[in-house]
Amino acid sequence: MHKTTEMLNEEAVKLKGELEGKALTPKDRAAIPAQEMPSRDPIKRAREMGEVALGYTEAQARVEAERCLSCKGAPCMKGCPVSVHIPEFIEHIQKGDFKAAVDTIKGTNLLPAICGRVCPQEKQCQSYCTVGKMLKSPEKAVAIGRLERFVADWERNNNKITVPQPAAETGKRVAVIGSGPAGLTVAADTRRAGHDVTVFEAFQKTGGVMVYGIPEFRLPKEIVAKEVENLKKMGVKFKTSFLVGRTETLEQLLDREGYDAAFIGTGAGLPKFLGIEGENLIGVFSANEYLTRANLMKAYDVEHADTPLYPAKRVAVFGGGNVAMDGARMALRFGAEKVYCVYRRTRAEMPARAEEVAHAIEEGVDFHFLENPTRFIGNDKGVLTGVELLSYELGEPDESGRRKPVAKPGTEHILEIDAAIIALGNESNPLMAQTTKGLDVTKRGNIIVDENQKTSIARVWAGGDIVLGAATVILAMGEGRRAAASMNEYLASK
Amino acid sequence: MHKILEKRRLSNDVERGQDVFYFKVTAPEIARNRKAGQFIIFQIDDNYGERVPLTIADANAEEGWIAIVFQTVGASTFKLANDFEVGDEIPVIVGPLGRPTHIEKFTEADGKPGTVICVGGGIGVAPLFPIVQANHAIGNHVITIIGARSKNLLILEEEMRANSDELIIVTDDGTYGRKGLVTEPLKELCEKLNPAAREIVSIGPGIMMKFCVETARPFNIPITTSLNTIMIDGTGMCGCCRVTVGGETKFVCVDGPEFDGYKVDFDNMMKRMASFKPREQADYQKAKERDHKCRIGLN
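Each protein sequence line maps, in turn, to chains A and B. In this text, residue positions in the first sequence follow the working numbering: the first is 82, and each later residue adds one. In this text, residue positions in the second sequence follow the working numbering: the first is 1077, and each later residue adds one.
Read the hints as simulated data drawn from the structure, not as lab findings. On a predicted model such as this, the values are computed, not experimentally measured, just so you know. All C-beta atoms, glycine included, are put in the ideal place defined by N, C-alpha and C. Among the clues, some could well be false.
[Said to hold, decoys possible] Lysine-lysine pairs mimicking DSSO-like chemistry, simulated, CA-CA at most 27 Å apart: (1) A:419 x B:1353; (2) B:1339 x A:353; (3) B:1326 x A:462; (4) A:180 x A:302; (5) B:1111 x A:518; (6) A:394 x B:1353; (7) B:1181 x A:518; (8) A:187 x A:253; (9) A:379 x B:1362; (10) A:302 x A:320; (11) B:1364 x B:1083; (12) B:1079 x A:379; (13) B:1362 x A:394; (14) B:1326 x B:1339; (15) A:353 x B:1347; (16) B:1347 x A:462; (17) B:1326 x A:353; (18) B:1079 x A:313; (19) B:1079 x A:318; (20) A:524 x B:1326; (21) B:1111 x A:320; (22) A:462 x B:1339; (23) A:320 x B:1155; (24) A:241 x A:97; (25) A:95 x A:221; (26) A:379 x B:1364; (27) B:1286 x A:462; (28) B:1353 x A:462; (29) A:518 x A:253; (30) A:379 x B:1347; (31) B:1347 x A:419.
[Stated by the list, open to error] Quick list of simulated restraints, FRET-style, between CB atoms: (32) B:1293 x A:539: 49 to 59 Å; (33) B:1214 x A:320: 28 to 38 Å; (34) A:316 x B:1242: 57 to 67 Å; (35) B:1357 x A:249: 58 to 68 Å; (36) B:1175 x A:539: 19 to 29 Å; (37) B:1175 x A:537: 22 to 32 Å; (38) A:240 x B:1281: 53 to 63 Å.
Just chain A, with the same shape it has in the complex (with noise of 0.2 Å):
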């Protein structure tokens, strides 16, 4: 049965009534039971657009912190990519002081209400929670996620925020190519050490991967907008509808601009397609376009937005990854009665976070594992009608440590859809390569950078998914903060 947030509420603070004042061992700790996150109930979510995780209240945040431990050493800290403190801000929750929480949080990370809510961290912090490790699972951790989360909306709706002070004007000019994660981090170290700085964007809005590709349900734009807005209140400049390599190149922005550093976080930004008979039928979509047709361009608003989505009754979703959970759910919101996500390997190999598919599958997503498409099938007009699917089992691990799906051969089976959406990652947009001279990339057209993310151009870093391939929000953070470093002491020494 759903439960409501009143609901989960209410045992929390009977919890919380329970514990208060008394001497925890420990154990004590560890038997606390993980608070659950209140979301929207399933039926009714799965046809809206609104958040469906609904963040916990402060009663189940302060119950929540009671199970961390403290660890000497802090295990968890090894796990996450910017090296947030965690016992500390969870401490301070559980003294019920949120703005130090989230305070601590921001000495290291900028986006904590975004990084909280897309966060992988049962890969992460969660993976070395000792309360995970003696109830035997990453998902009994301590929530360390819901808790960052829950300190910075409680910081963003009470108006708690506070801008850091830039230092005095160095008078120099950073240029900071894309505004996702990895540029909005370095667009804020910079600015924080006083230089001018200036953020191109291609897009109409600002945010990259967090506003055109996920969606309103999974993280609310104008959480994005916010990180944005504050930027621009330390001075951060933005130029919006700015295509660095085409509206000018690096190098113009170098030596005819006159930006005396430059960092590149364009993503990654190009899709990668199956390779297989009809693939360029009418209703075979990229994720990227799926999305960016619902997300940016605002499809789901049909009353306003002049993009058009697709209609389709039966959508089927390939790819086992967050990009695909999001692709499917988001068919399901456009009214699709039937969506499938076909995934080669099984749930267990998944890449996707644990909630997003927990998530998928309460909506009704129906999910066939150990599949995949050969070739998609269309009617004299050019349209997709179905796809054929080839069955795999599975065998030895492989590189990656997964187990490697296996094909059986002759049990091709058809399955009727009328839309396909291609989840399976991204390659590197080849732009900027193209258009800069001397900038060295790998074989797949990522940027080579040293290990403070140096290219191989003087005063140009780069970082993020143009430097890992398809990766996170909080990787490309950890990159950017690495970079900015950098940038910050060559500048200083100029």
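Use these hints to put chain B onto chain A, whose structure you have.
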């Protein structure tokens, strides 16, 4: 923001209720960096507007403006034509996008300039113009064929004449120039020219480009076509504009917009361009019927 410096109606198609407009707008960086064959994407509203690709028809780097030519075939182009006047600003223009046209100086054995045949149909005449201009400027012998359904729909005749060594005009109904299709004079030129034309450039509706390619094929003259598919980002991120070229999937926005005509699967491209037809037509009707005070005197 991009201020409109000049607005002209180039043609008025009463039968289909479609007009062609010429807008000159400020865009200093784009004007400075654009080359023939590149395009921009515009939005008339940065929240709800769709992203529409348009070829840059002309530009002036010193004065910092670009020119766009568009036909009112959908809701956004209709609103751009009707809601925007000189002095108003277009909120979003991003560019220059796509790869520039490969312009090559051709010289024959006798030292004379080689011939390039440029074929434009309908609104395709606008994106053809900078290519005619560039070929003319580099010193090629340019023969331009432009066509329209009827005389009043023909655009950029004078501009084309000024940049071509020879200009052939064709109309479907014979109201101006030759009666017929652009493929007819193209075929004659392919047969007649000696030495043969070194390159053909064809821009227009998919069906016209397809038949220009079929006309050129027996003569084995290289033919370049410029595709105008549906796009969202225009930077290679979404794959909406993809086409099959020589059996491979290519993105018009970053690999194009120009491709070897012999390799393009035009049938698949034309089908894909109709993906959203019912919705586009409904939106267009809604835009036309909405209660607005028409400032250009159409009603």
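Now for the hints, and whether the structure bears them out:
1. Distance check on the hinted pair: residue 419 (chain A) and residue 1353 (chain B) sit about 24 Å apart at the alpha-carbon level, within 27 Å; holds.
2. Between the alpha carbons of residue 1339 (chain B) and residue 353 (chain A) the distance comes to roughly 22 Å, so the proposed pair stays at or under 27 Å and holds.
3. About 21 Å separates the Cα atoms of residue 1326 (chain B) and residue 462 (chain A), which keeps this hinted pair within 27 Å; it holds.
4. Using a Cα cut-off of 27 Å, the hinted pair residue 180 (chain A) and residue 302 (chain A) holds, with the two alpha carbons roughly 23 Å apart.
5. At roughly 19 Å between alpha-carbon atoms, residue 1111 (chain B) and residue 518 (chain A) fall within 27 Å of each other, so this suggested pair holds.
6. At roughly 18 Å between alpha-carbon atoms, residue 394 (chain A) and residue 1353 (chain B) fall within 27 Å of each other, so this suggested pair holds.
7. With a C-alpha separation of about 26 Å, the suggested pairing of residue 1181 (chain B) with residue 518 (chain A) holds against the 27 Å cut-off.
8. At most 27 Å may separate the alpha-carbon atoms for a hinted pair to count; residue 187 (chain A) and residue 253 (chain A) meet this at roughly 25 Å.
9. Annotation: proposed proximity of residue 379 (chain A) to residue 1362 (chain B) holds, straight-line Cα distance about 19 Å (limit 27 Å).
10. Between residue 302 (chain A) and residue 320 (chain A) the alpha-carbon distance is near 19 Å, which keeps this suggested pair within the 27 Å criterion.
11. Pair hint residue 1364 (chain B) plus residue 1083 (chain B) holds up; C-alpha atoms about 20 Å apart against a cutoff of 27 Å.
12. Pair hint residue 1079 (chain B) plus residue 379 (chain A) holds up; C-alpha atoms about 26 Å apart against a cutoff of 27 Å.
13. As the CA atoms of residue 1362 (chain B) and residue 394 (chain A) are separated by approximately 25 Å, the hinted pair is consistent with the 27 Å bound.
14. For the hint linking residue 1326 (chain B) to residue 1339 (chain B), the alpha-carbon distance of about 11 Å falls within 27 Å, and the restraint holds.
15. Using a Cα cut-off of 27 Å, the hinted pair residue 353 (chain A) and residue 1347 (chain B) holds, with the two alpha carbons roughly 22 Å apart.
16. Of the supplied pair hints, the one linking residue 1347 (chain B) and residue 462 (chain A) holds, its CA atoms being roughly 7 Å apart against a limit of 27 Å.
17. Taking the CA atoms of residue 1326 (chain B) and residue 353 (chain A), the gap is about 12 Å. The hint holds against a cut of 27 Å.
18. This hinted pair checks out: residue 1079 (chain B) and residue 313 (chain A) have alpha carbons roughly 25 Å apart, not beyond 27 Å.
19. With a C-alpha separation of about 21 Å, the suggested pairing of residue 1079 (chain B) with residue 318 (chain A) holds against the 27 Å cut-off.
20. Restraint check for residue 524 (chain A) and residue 1326 (chain B): the C-alpha separation of about 19 Å stays at or below 27 Å, so the hint holds.
21. Taken as a hint, the residue 1111 (chain B) and residue 320 (chain A) pair is honoured in the structure, with Cα atoms around 23 Å apart against an allowance of 27 Å.
22. Between residue 462 (chain A) and residue 1339 (chain B) the CA atoms are separated by roughly 21 Å; this keeps the pair inside 27 Å, and the hint holds.
23. Proximity of residue 320 (chain A) to residue 1155 (chain B) is assessed by CA-CA distance (about 25 Å); at most 27 Å being required, the pair is judged to hold.
24. A threshold of 27 Å between alpha carbons decides the hint, and for residue 241 (chain A) with residue 97 (chain A) the separation of about 25 Å falls inside it, so the pair holds.
25. This hinted pair checks out: residue 95 (chain A) and residue 221 (chain A) have alpha carbons roughly 21 Å apart, not beyond 27 Å.
26. At most 27 Å may separate the alpha-carbon atoms for a hinted pair to count; residue 379 (chain A) and residue 1364 (chain B) meet this at roughly 22 Å.
27. As the CA atoms of residue 1286 (chain B) and residue 462 (chain A) are separated by approximately 18 Å, the hinted pair is consistent with the 27 Å bound.
28. Restraint check: the Cα-Cα separation between residue 1353 (chain B) and residue 462 (chain A) comes to about 13 Å, which is no more than 27 Å; the hinted pair holds.
29. At most 27 Å may separate the alpha-carbon atoms for a hinted pair to count; residue 518 (chain A) and residue 253 (chain A) meet this at roughly 24 Å.
30. With a CA separation close to 25 Å, the supplied pair residue 379 (chain A) and residue 1347 (chain B) stays within the 27 Å bound.
31. For a cut-off of 27 Å, the pair hint linking residue 1347 (chain B) to residue 419 (chain A) stands: about 26 Å separates their Cα positions.
32. Checked against the hint of 49 to 59 Å, the pair residue 1293 (chain B) and residue 539 (chain A) passes, with Cβ atoms roughly 50 Å apart.
33. Taking 28 to 38 Å as the suggested C-beta distance range, the pair residue 1214 (chain B) and residue 320 (chain A) conforms, at roughly 34 Å.
34. Between residue 316 (chain A) and residue 1242 (chain B), the C-beta spacing of about 59 Å keeps the proposed range 57 to 67 Å intact.
35. Separation of residue 1357 (chain B) from residue 249 (chain A) is about 59 Å and conforms to the stated range, judged on CB atoms against 58 to 68 Å.
36. Distance hint check: the CB atoms of residue 1175 (chain B) and residue 539 (chain A) are about 28 Å apart, consistent with the given range 19 to 29 Å.
37. Here the CB-CB span from residue 1175 (chain B) to residue 537 (chain A) is close to 24 Å, well matched to the stated 22 to 32 Å.
38. Distance hint for residue 240 (chain A) and residue 1281 (chain B): a CB-CB separation of about 56 Å, consistent with the stated range 53 to 63 Å.
The structure shown violates none of the earlier numbered hints.
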